[in-house]
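Throw the hints in and build the complete structure from the sequences for me.
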Amino acid sequence: MSPKTLYDKIWDAHVAHQADDGTCLLYIDRHLVHEVTSPQAFEGLRMAGRKVRAPEKTIAVPDHNVPTTPDRVNGIENPESRLQVEALDRNAREFGIHYYPVNDVRQGIVHIVGPEQGWTLPGMTVVCGDSHTATHGAFGALAHGIGTSEVEHVLATQTLIQKKSKNMKVEITGKLQPGVTAKDITLAVIGKTGTAGGTGYVIEYCGEAIRSLSMEGRMTVCNMAIEGGARAGLIAPDETTFEYVKGRPHAPKGAQWEAALNWWKTLYSDDDAHWDKVVTLRGEDIAPVVTWGTSPEDVLPITATVPNPEDFTGGKVEAARRSLEYMGLKPGQKLSDIEIDTVFIGSCTNGRIEDLRAAAEILKGKKIKDGLRAMVVPGSGLVRAQAEEEGIAEIFKEAGFEWRLAGCSMCLAMNPDQLSPGERCAATSNRNFEGRQGRGGRTHLLSPAMAAAAAITGKLTDVRELM
Amino acid sequence: MEKFEKIHGVAAPMPLINIDTDMIIPKVHLKTIKRSGLGVVLFDEMRYHDDGRENEEFVLNKPAYRNAEILVAGDNFGCGSSREHAPWAIKDFGIKVVISTSFADIFFNNCFKNGILPIVVEQDHHDILMQDAHKGENARITVHLEAQEIVTSDGVVITFDIDPHRKHCLLNGLDDIGLTMEKAEHIDNFESQAAQARPWV
Chain X
19 MSPKTLYDKI
29 WDAHVAHQAD
39 DGTCLLYIDR
49 HLVHEVTSPQ
59 AFEGLRMAGR
69 KVRAPEKTIA
79 VPDHNVPTTP
89 DRVNGIENPE
99 SRLQVEALDR
109 NAREFGIHYY
119 PVNDVRQGIV
129 HIVGPEQGWT
139 LPGMTVVCGD
149 SHTATHGAFG
159 ALAHGIGTSE
169 VEHVLATQTL
179 IQKKSKNMKV
189 EITGKLQPGV
199 TAKDITLAVI
209 GKTGTAGGTG
219 YVIEYCGEAI
229 RSLSMEGRMT
239 VCNMAIEGGA
249 RAGLIAPDET
259 TFEYVKGRPH
269 APKGAQWEAA
279 LNWWKTLYSD
289 DDAHWDKVVT
299 LRGEDIAPVV
309 TWGTSPEDVL
319 PITATVPNPE
329 DFTGGKVEAA
339 RRSLEYMGLK
349 PGQKLSDIEI
359 DTVFIGSCTN
369 GRIEDLRAAA
379 EILKGKKIKD
389 GLRAMVVPGS
399 GLVRAQAEEE
409 GIAEIFKEAG
419 FEWRLAGCSM
429 CLAMNPDQLS
439 PGERCAATSN
449 RNFEGRQGRG
459 GRTHLLSPAM
469 AAAAAITGKL
479 TDVRELM
Chain U
60 MEKFEKIHGV
70 AAPMPLINID
80 TDMIIPKVHL
90 KTIKRSGLGV
100 VLFDEMRYHD
110 DGRENEEFVL
120 NKPAYRNAEI
130 LVAGDNFGCG
140 SSREHAPWAI
150 KDFGIKVVIS
160 TSFADIFFNN
170 CFKNGILPIV
180 VEQDHHDILM
190 QDAHKGENAR
200 ITVHLEAQEI
210 VTSDGVVITF
220 DIDPHRKHCL
230 LNGLDDIGLT
240 MEKAEHIDNF
250 ESQAAQARPW
260 V
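Taken in sequence, the protein lines are chains X and U. Here the first sequence is numbered in our numbering, starting from 19 and rising by one per residue. Here the second sequence is numbered in our numbering, starting from 60 and rising by one per residue.
Since the hints were derived computationally from the structure, they do not count as laboratory data.
When the alpha-carbon atoms are kept at most 35 Å apart in a straight line, the in silico DSBU-like pairs for lysine-lysine are as follows:
1. Lys-187(X) / Lys-226(U)
2. Lys-295(X) / Lys-226(U)
3. Lys-242(U) / Lys-150(U)
4. Lys-348(X) / Lys-121(U)
5. Lys-65(U) / Lys-184(X)
6. Lys-90(U) / Lys-69(X)
7. Lys-181(X) / Lys-62(U)
8. Lys-182(X) / Lys-150(U)
9. Lys-69(X) / Lys-150(U)
What follows is the structure, encoded as structure tokens:
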């Protein structure tokens, strides 16, 4: 048998039909659904008199629109947001799919809830009408975002029409330096490959630095595969994965667990598998990084200065010029001199317990800079409960952070958590696009530990100085 | 879905690279539960000032381009969020073809589901088309899907590649779900085999 990559193996195990031109029907094991990209899909089913083919494999949770303030138990004030969440309530009930409503303690960001509840397992195909579905690749599951028409297609047929992507290997060798995290890895990779570097590929992340990451860290890395343009990111499952999955509510039990484990252990890329593209970074060379512009590829070590647009080539010159104007920055300015107004810790990239621990470690016994707005939004109700149990919530509150309920929040600002024009934010989320966190808002992406450091000093800060 | 007919129309130039789906349609407009009516907020934050007035500098607000049917855009168009509201807004505005040197994967897929043709061309062809688009409303570009050809206002012919299945669906206005439903037997078979092989799923 010819050698295969991990992607090849998962793909081959899910092809339900292949046409002569190579177009495949890929069977979908898990379909995650949220309130923003699904109402038109359910409406489409209703209009055509169709059902959800596999409601037992379909899991819905509202996350994008939900307020994160305690008063949300009284209902959602914004009428449009309320309408979308009510539509999801109704659709989940009518079509009989699994559902975690707003006030369920298990509610949270869909990409945090899926793994937490054991819905996401190695070797699965996972889709969601959300580009950050790539997160689930951390389990060695083929997971990617789809549009609403495809959401409707999966609801109706439990398959997707797909052509196979190419294989790309991203290897991070060696060990990370103190203060460097999974977020720095994933941003550094995008800084190197560019936001279109992964277009047409599925990335497998490997190497010692990846193996050493916890599941939380691996999810952070895969989460941003989409920011590098890739269809999906993957990490081969290992003992760390199995340990995380075991005992979760929807993970297999008993004899099924043993059978599953036997298959999962075959899910790795063969030694002599073919790679269409290979990128290698030395773990030791990765520094704590921040973004300076309005594309996730605009990444530099915190010790660097704002670049000069003229030093780029092609279309990037104009794009960088526009970015600096939008961001209110000047070439040559030290990144560590940039003052911020706001700190946001949360999102499907960095809203898990380990992220909150890393930030709390830096914040312990300290206060945020006077006048700064700082909020931490746990990725799920269960992450929030665990943080409260561990005393982390108290550290945040004593430091001056607002301690919120779970949701996507200021990552995309569909709920009331938004930046004002010109407001500058150090954010642990995944996109620094123009207007992403609120019209005119300015976003610098960084790790939770770096966000905590910025909260203390009021400017972008090298976390290593506070360790 | 409507059949994709030959297009002969004005092409609007947007040379900026990495135009993301937040730019194409900001999140404040994602709260709808319908697909229609989003054309008016296409490129909202670039197209309108904070007070809601039109930004005269923005290409689609210029008289020559208000009825553009083709967009010639910079590299990596449509990156970011998977929101299908982006192609819905583009379609609703009246744009039926987007031409770039590359597209983000999910956006590219989403276009075909909505009868929009995204075309990838090489840089030198892109330069020619961008130049043509800058000429304004008197320089109409023709896009002929059947022949896989773009013809500039000067008569330069540029051919392009397209996946045959997608071409077939666009030309005939075919609905994916209907086509897949015809293969239900294959899905049933796969499902029962998979249930044996991986009963824990």
